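S.K.: With chain F's structure known, arrange chain U on it following the hints.
Sequence lines, in order, name chains F and U.
Position one of the first sequence corresponds to residue 3 (our numbering), numbered consecutively onward.
Position one of the second sequence corresponds to residue 440 (our numbering), numbered consecutively onward.
Warning: the hint list may mix true and false statements.
In silico lysine to any residue, SDA-like type, Cα no more than 20 Å apart, as pairs [said to hold, decoys possible]:
(1) U:K714 - F:I141
(2) U:K714 - F:P165
(3) F:K207 - F:L181
(4) F:K126 - U:L736
Calculated from the structure, these hints are not laboratory results.
As the structure is a computational prediction, the values presented were derived from the model and not from experiment.
Single-letter residue listing:
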Amino acid sequence: MINIDIGATAVAVLTLFGIYALMAISLNLEYGVAGVPNFGQALFVSIGAYVAGLTYTRLLPLLAGEQVIHPCRATMGAALQLRSEIMATQPVAGFINLGFTFLIAAVLAGLVGFAVSYVTLRLKEEWFLALVLLVGGEIIRIVVRGADDLICSHNGISGVAQPFYFLDDPRASAVLFMLLALVLAALAYFYSQRLVHSPFGRMLKGLRENEEVTRSLGKGISLARAQIMLIGSVIAAVGGVLFALNTGFVNTNDYVVTLTLDVWVMVVLGGVGNNRGALLGALLIAIMDRITQIAAIALNMSGSPIEFNYARFILFGLILLLMLRYRPGGLLPESPLTTDAHEILRRVRER
Amino acid sequence: MPTALLVTSVVNTIQIGSLYALMALGITLTFSVIRLPNFAHAEYVTVGAFAALIVSLSGEVNPLVIMTAAFVVGALVALVSHLAVFKPLEGRNVSLYTLILSSFAVGLIIRYILFMIADYFNLFDTRIRIPLQIIYREGALILTNIFAWVAPTSIVLVLLLTLLLNATPLGREMRALANNIGLARVIGIPVERVKNYTWILVGGLAGVAGALWGLQTAVSPLMGWVAILSVFAAAILGGLSSFSGTILGAYVVAFSENTVMLFLNFNFGLDLAYKPAIPFFIIIVVLLIRPQGFTELFNRSRDLQR
Chain F
3 MINIDIGATA VAVLTLFGIY ALMAISLNLE YGVAGVPNFG QALFVSIGAY
53 VAGLTYTRLL PLLAGEQVIH PCRATMGAAL QLRSEIMATQ PVAGFINLGF
103 TFLIAAVLAG LVGFAVSYVT LRLKEEWFLA LVLLVGGEII RIVVRGADDL
153 ICSHNGISGV AQPFYFLDDP RASAVLFMLL ALVLAALAYF YSQRLVHSPF
203 GRMLKGLREN EEVTRSLGKG ISLARAQIML IGSVIAAVGG VLFALNTGFV
253 NTNDYVVTLT LDVWVMVVLG GVGNNRGALL GALLIAIMDR ITQIAAIALN
303 MSGSPIEFNY ARFILFGLIL LLMLRYRPGG LLPESPLTTD AHEILRRVRE
353 R
Chain U
440 MPTALLVTSV VNTIQIGSLY ALMALGITLT FSVIRLPNFA HAEYVTVGAF
490 AALIVSLSGE VNPLVIMTAA FVVGALVALV SHLAVFKPLE GRNVSLYTLI
540 LSSFAVGLII RYILFMIADY FNLFDTRIRI PLQIIYREGA LILTNIFAWV
590 APTSIVLVLL LTLLLNATPL GREMRALANN IGLARVIGIP VERVKNYTWI
640 LVGGLAGVAG ALWGLQTAVS PLMGWVAILS VFAAAILGGL SSFSGTILGA
690 YVVAFSENTV MLFLNFNFGL DLAYKPAIPF FIIIVVLLIR PQGFTELFNR
740 SRDLQR
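Isolated chain U (complex conformation):
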């Protein structure tokens, strides 16, 4: 495998892995705190991307403003889906399958509303308009300002989220909910409020991830849905409970999809059409062989134990 290709694929791994980490942390957080494997998470990402796109089409070029808009819209949609759908169901103590099914339904509704919007306003295959600049060039490796935005922003947000979880009162309350919701309620933690904040955080970060995603590829109503199982693979590698494990998992999934896939393609002639199957294999293998994922690699005391 040529070195230039290797370097490009590693750059891709970093960029996409950072985005996966941002999304997968949301999955881990909802699963631990809300106890919901949320398949509608994909759509918060897409909604954020569309919010970013619409703001950028109105002439805004400052990525910070664009990302803030994506955060607000993503958070709003997540909060509304919680209040309108998931909260009433949780109150009725339904089975986990009902919750999974309703998360699929929420995703379906949002996705096709976005399809309608995209169709109506002719937004298919448009990109978020930020002027493209090349900031670094070395042989075949070209780094643009997009890379300079995507990777560092995701990494900073991931670090901020970890800090929030480990060093703030809200984070402590969220961990308490993840650990034992009954006990959390007994000692006076405002469970409903913490849940609302969790949803805002999860949706907002997914929205920002969508905006960043839309910086590098065209925005489409399917973009979140296409990535969701890769993101789930990352969260499952993190045992659906460990923050550090999820972050590591995100990079492992991105690495397998980019570098390992290219390596297999070059050395064994494996067709690139099989690339989408990689995260699926990871999911199945991890669930069957090592359902705890990477959790045991890290000190679990600070993670979202269940």
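Just chain F, same shape as in the assembly:
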């Protein structure tokens, strides 16, 4: 049997939960609240990860006052060693670098999200947007992989270390990183809760339910859609940066349609249109991820001929199908919106 370190497992699961929560909240705002079918979640997550790959190789040495070494091919080892040394000895450079990473990723992803939603206004049928986003993610992936020098298409960038890597105790570093992920997820959650309960959020729900009616009430729907895409993309890109930092590795192969589907599973499982549902979905998927990993290793060690890693995808597919068929609202369905005015009205009625 394998020994499971409960503390470390809990930290890993909670870190993953924070990262997944960011992605799920982003998709929930876009699809659950505003009804924009973002089948390109991997695109926005990947922007965060690619930016991390770029800043760790290009910006970090500059911030630490060192020469930039080309990260690929012959100088790959030297560049990796330099990165790791800087992250281990110069925490300030690491933090500034991380700040820039978040900033650049957020700006880039926001711009892409905003632009995409305007471009797709031209689309004849609404579901084409899903296809355009799906395909857009793949194009970016292929271009980044093809432009060999950006983030070393064949090997990827390793040594994308967490910001607390300089601590002597790897456990403390992991716990702090977990806290960072959870704090960012909490910020995103409270922000999106406020957004959903604001007049803007109600307009988005109106947009989701009936575009024509919302327009007839004098709401500018294309701007609203662009804004929510911008917000969602920024949150997803922040999740992408953390995702890359969590694995310590940036490789274009990780940001494929399967990742998009994972996020959809979280939202559909937790509850479409409900931010709490997105959190629940993210938590359940983070736990399930870990359990399938442990089960796969345990089965492998016991000499079982069945590769259990594949079972994860079958399981996720089944979850999607069962939820869509028997509980389309998710485990925590969206509750009716209540505003202050609505509360007053209810009290007046009761009187």
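M.R.: Chain U only, in chain F's frame:
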């Protein structure tokens, strides 16, 4: 660009374009008749390839038998996915996104079941065992019996399907469903039965396409999934409704992926790593600029109007 390379790439275009046509017609048919952009279509192709592989590993060398097996298995899987997943959802009148998402889920499940099977029986990177013969050789151009099977079979099947759609009662009923499902039901067309036949046809042809695909490259659980967006590009070029447009679209996509890509590589140094992006560009450009695709080039009266 050297002529020999040009000729080889055109041969590739014909071979791959014919396969794309076979698959893309299935996409067009499901989209028009069932009203579902079916991303699980890729997996019917893969399932067919695996069925063909397993039959060929049992010692069968007759391509016709192998393809029949692929047809039957592909059709079965498609029909089961319809009855178990899509039909109950359609009954509940769900949004199109729910249908798209469930088609992704169906694809995911089939794909990874195939991964498990391939892993268990050690089927990775094996080919369908048909003895390879060279039937024609002219300079650098080599045509094998594989080419002689793949291209003509696909073309014949595509023609048969077009004939079925235009000249048989079932085809007429399918067109009626595509045109107006409510009206079709009112005038007494057995809608559910026509849908079942559509799924059998679509899955079966995808299965045969998989078998043919497995003749030329190694069979892998990802083979359909890798091709699916190229196939969607072809169907979108056909406006997702026109049969002739879809066939033309399939050859256009294959031509861009092979000949145009090689041309760009030779003359402008564009890295071959960008090849997979070509169908994606086609999808985006067509959807944004000309969503009707090639439909207006052809007489639409005989197509699957929506």
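S.K.: If a hint holds in the structure, say so; if it doesn't, say that too.
M.R.: Do the hints match the structure? See the list:
no., hint, verdict
1, U:K714 - F:I141, "holds, 10 Å"
2, U:K714 - F:P165, "violated, 37 Å"
3, F:K207 - F:L181, "violated, 32 Å"
4, F:K126 - U:L736, "holds, 19 Å"
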